[in-house]
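Using the sequences and the accompanying hints, generate a full structural model.
Each residue of the sequence shown is one higher than the one before, counting from 1 in UniProt numbering.
By construction, these hints were calculated from the structure, which means they are not laboratory data.
Treat the numbers as computed from the prediction; the structure is a model and nothing was measured.
From the three backbone atoms N, C-alpha and C, an ideal C-beta is built for every residue, glycine too.
Here are the simulated EDC-like pairs of lysine to aspartate or glutamate, each with C-alpha atoms no more than 20 Å apart in a straight line: (1) K104 - E172; (2) K186 - E172; (3) K186 - E174; (4) K186 - D175; (5) K104 - E184.
Pair ranges (Cβ atoms, derived): (6) D138 - L16: 56 to 66 Å; (7) L37 - R110: 47 to 57 Å; (8) L54 - V130: 40 to 50 Å; (9) L20 - R223: 43 to 53 Å; (10) T44 - V130: 43 to 53 Å; (11) F153 - S53: 46 to 56 Å; (12) M139 - V113: 18 to 28 Å; (13) T44 - A168: 50 to 60 Å.
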Amino acid sequence: MMPRWRDYGRPRELALRYLLLIFVLFITVGPLLWQVLSSLKGPTEDVFGSGASLIPHHPTLRAYREVFAQVPVGTYIRNSLFVAALSITSQLVFSTMAGYMLSKPAWKGRGLVWVLLMASMMFPFESIMVSLFLSIRDMGLVDHLVGVWLPGFVAAINVLIMRAAFLAVPREIEDAAMLDGAGEWKRFRHLYLPSAYGAILVVTINTFISAWDDFLWPLIVLRSEEQFTLTLGLARLQTSSFGYDQRLVMAGSVISVIPVLVLFVITQRWFYKGVSSGAVKI
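Here it is, written out as structure tokens:
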């Protein structure tokens with residue numbers, strides 16, 4: 001028996017969806033693929049211009065060897081990992097506790113805290129950048145990695161994510177734990193945190209990406225090369241002191257994005273689960 005379509009527009013609709021998906025994939029993955037292919041080109045191949053081709057004719061890893069030879073990539077990676085580790089630790093500790101408190105029934109001042117958190121998300125970083133730098137300078141943290149980390153101590157969006165995850169815990173389960181004699185800390189540690197592992201992973205990944213990719217704030221705070229983070233250090237490849245080799249710039253960009261891609265590929269299953277679970281209540 002021949003298959004029957006409910007309407008003839010369905011095949012066209014399906015084709016349109018795939019075309020849109022291909023277009024979005026091209027927009028999102030295309031620049032990264034172009035950077036990878038450009039970084040593999042030999043010294044005689046053009047990266048830009050009418051004579052440049054997308055596929056390298058003589059692929060080579062020379063650009064990556066030059067990057068590691070000309071700049072202390074290992075030091076930059078260590079500094080970036082240090083800032084990311086501090087940021088993840090502080091974000092997880094304080095966003096989970098703050099989110100837990102905001103998920104509890106109405107208490108005095110809860111509404112004010114909620115309004116302040118929402119209001120803090122309305123102002124872009126650039127609007128408070130000068131005041132942040134003056135505060136960091138007064139604390140003597142200019143040209144210190146702690147000064148890079150401190151403004152990212154805790155983010156309002158992460159508090160809201162944890163609050164949404166904790167709100168998804170049925171109130172009856174907490175009441176049963178209270179009847180069994182579980183105190184506040186025990187309920188938080190053994191009841192709420194295990195139910196919010198997905199949201200915790202979302203906060204971890206978002207914090208790592210933000211700390212790893214940050215460029216503007218390290219550029220303002222840091223002065224000496226031994227304190228540079230990876231994004232700031234690799235930006236030196238675009239200066240005239242390195243001859244502005246376009247292949248080196250492309251290789252540096254690929255090096256900086258590899259850890260983020262690896263982390264996301266490893267944790268994507270739990271990441272999507274955490275996003276869906278954190279969107280239950282807000």
